[in-house]
Amino acid sequence: MYGNPAEEEVWLPSRPESAAKARRLAQVVVLRHWGLSPKLTEDAVLLVSELVGNAVRHTGARGFGLRMARRRGMIRAEVRDPSRGLPCLMPVRELDISGRGLYLVNKLADRWGVDLLPRGKTTWFEMRVADR
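According to my numbering, the residues represented by the sequence shown are 1 to 132, in order.
Be a bit skeptical, because a hint or two may be false.
BS3-like, lysine-lysine: derived pairs with alpha carbons at most 27 Å apart [unchecked claim]: (1) 39 to 107; (2) 39 to 21; (3) 107 to 21; (4) 21 to 121; (5) 107 to 121.
The set of hints was computed from the structure by calculation and includes no laboratory data.
Make a model of the complete structure from these sequences and hints.
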């Protein structure tokens, strides 16, 4: 295990297999403990994977940070990397093989964005959840 992204940022190496590790962290360590619905959990895990995939493929960084938070009525996932290159939401056609990551984030998340940092950026999404 790499840690709990709900307690502190978890740093993962920028390798393709890190997407699977990030999915597992999001699902097992965080979302199951929060008791969210299976559909919301599935969507959130998918979006974490997409943000991680973008960080791995497009930043040229050695690693990235994953953090998740639950606040009243919402969850938030953040992927921080040292690149200041902004992700770009591209039009997607039915037969496109790649380029669907931010399209899915835009479609399934209630909000998403990018915060530029002095050294890098944080790409994030938020999803509404029903409080118990």
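To see whether the hints hold, each was checked on the structure:
no., hint, result
1, 39 to 107, "15 Å, holds"
2, 39 to 21, "20 Å, holds"
3, 107 to 21, "23 Å, holds"
4, 21 to 121, "21 Å, holds"
5, 107 to 121, "22 Å, holds"
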